[in-house]
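K.L.:
Chains as they are written, first to last, in the working numbering: chain A, 1 to 113; chain B, 1 to 117.
FYI, nobody ran anything at the bench for these hints, they're computed from the structure. Just so it is clear, CB atoms sit at the ideal spot from N, CA and C, and this is done for glycine as well. Warning: the hint list may mix true and false statements.
Unchecked claim - Some chain A residues close to chain B (C-beta under 8 Å, calculated; not the full set):
{"no.": "1", "residue": "32"}
{"no.": "2", "residue": "34"}
{"no.": "3", "residue": "43"}
{"no.": "4", "residue": "46"}
{"no.": "5", "residue": "51"}
{"no.": "6", "residue": "84"}
{"no.": "7", "residue": "98"}
{"no.": "8", "residue": "99"}
{"no.": "9", "residue": "100"}
{"no.": "10", "residue": "101"}
{"no.": "11", "residue": "105"}
{"no.": "12", "residue": "106"}
{"no.": "13", "residue": "110"}
{"no.": "14", "residue": "113"}
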Amino acid sequence: GDSVTQMEGPVTLSEEAFLTINCTYTATGYPSLFWYVQYPGEGLQLLLKATKADDKGSNKGFEATYRKETTSFHLEKGSVQVSDSAVYFCALSDFDSSYKLIFGSGTRLLVRP
Amino acid sequence: GAGVSQSPSNKVTEKGKDVELRCDPISGHTALYWYRQSLGQGLEFLIYFQGNSAPDKSGLPSDRFSAERTGGSVSTLTIQRTQQEDSAVYLCASSLSFNHGADYGYTFGSGTRLTVV
Numbered sequence: 001g002d003s004v005t006q007m008e009g010p011v012t013l014s015e016e017a018f019l020t021i022n023c024t025y026t027a028t029g030y031p032s033l034f035w036y037v038q039y040p041g042e043g044l045q046l047l048l049k050a051t052k053a054d055d056k057g058s059n060k061g062f063e064a065t066y067r068k069e070t071t072s073f074h075l076e077k078g079s080v081q082v083s084d085s086a087v088y089f090c091a092l093s094d095f096d097s098s099y100k101l102i103f104g105s106g107t108r109l110l111v112r113p
Numbered sequence: 001g002a003g004v005s006q007s008p009s010n011k012v013t014e015k016g017k018d019v020e021l022r023c024d025p026i027s028g029h030t031a032l033y034w035y036r037q038s039l040g041q042g043l044e045f046l047i048y049f050q051g052n053s054a055p056d057k058s059g060l061p062s063d064r065f066s067a068e069r070t071g072g073s074v075s076t077l078t079i080q081r082t083q084q085e086d087s088a089v090y091l092c093a094s095s096l097s098f099n100h101g102a103d104y105g106y107t108f109g110s111g112t113r114l115t116v117v
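Excised from the complex, chain A in its bound form (with noise of 0.2 Å):
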């Protein structure tokens, strides 16, 4: 069945640094992918998202790019900043989940001043 692997964390990170957060999947069909975070206290809100191969979604200068050969939906961005520590979840959707979203464990990013 459908199923999706984070890199465990927690991640933690000087201010300004890159970020990568690593996400594969594994699904029959063509998913789409998400990722979606989760502030303290707060519940899960839509990061960005791509629908079809090579697309990129992109949000609050967070990017990913669906990389249909390597089957991978990795989370980059560029400086990070205090604010963006938070969990971050790696999901898709696809005829074998019944298109239900089906999410990763969760990747923790601690973000330092």
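With chain A held as given, fit chain B onto it using these hints.
P.N.:
Showing chain B alone in chain A's frame:
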């Protein structure tokens, strides 16, 4: 409403008691989803409703769990005879439709933190 509203935000209950968790989706959203987030775990799908169609209950972990959606709007997740392993954050989400959610994602509520003691 402006967002997905869940209540209560926190619930502490004794083992063996029943609990009800409520979700009020965004007005006009026909699809509603329940997920569970256990400590250190990802989000586990529980159930979803789409309009008047039969709900997809494939993620409910046991027959102690049930959910209903009245009038196509508010949903209640009920856990009977709660166990300590039921302790988690229960998240509700909605989308314009199931198909729309599959392509564009869901809007989540802030969740109900359930603690079974």
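K.L.:
Against this structure, judge whether each hint is valid.
P.N.:
Status of the hints after comparison with the structure:
Given hint, residue 32/A at the interface with chain B, holds; its Cβ is 6 Å from that chain's nearest Cβ, closer than 8 Å. At a threshold of 8 Å, the smallest CB-CB gap from residue 34/A to chain B is about 5 Å, leaving the interface hint in force. A least Cβ separation of about 4 Å between residue 43/A and chain B falls short of the 8 Å threshold, and the interface hint therefore holds. Nearest Cβ of chain B to the Cβ of residue 46/A: about 4 Å, under the 8 Å cut. The hint holds.
Taking 8 Å as the C-beta contact cut-off toward chain B, the hint placing residue 51/A at the interface holds, the least distance being around 6 Å. At about 19 Å, the closest approach between the beta carbon of residue 84/A and any beta carbon in chain B exceeds 8 Å, and the interface hint on this residue is violated. Contact between residue 98/A and chain B, as hinted, is supported at the beta carbon level, the nearest pair being about 7 Å apart and thus within 8 Å. Interface restraint check: residue 99/A against chain B, minimum CB-CB distance 4 Å, threshold 8 Å, status holds.
Interface hint status for residue 100/A: upheld, as the beta-carbon distance to the closest one in chain B is roughly 5 Å, under 8 Å. Nearest Cβ of chain B to the Cβ of residue 101/A: about 6 Å, under the 8 Å cut. The hint holds. Annotation: residue 105/A was flagged as interfacial toward chain B, and the flag holds, the nearest CB pair being 4 Å apart, inside 8 Å. The beta carbon of residue 106/A comes within 6 Å of a beta carbon in chain B, closer than 8 Å, and the hint placing it at the interface holds.
Taken as an interface hint, residue 110/A does not check out: its beta carbon lies about 16 Å from the nearest beta carbon of chain B, beyond 8 Å. At a threshold of 8 Å, the smallest CB-CB gap from residue 113/A to chain B is about 26 Å, leaving the interface hint violated.
Taken one by one, the earlier hints fail for this structure at numbers 6, 13, 14, listed in ascending order.
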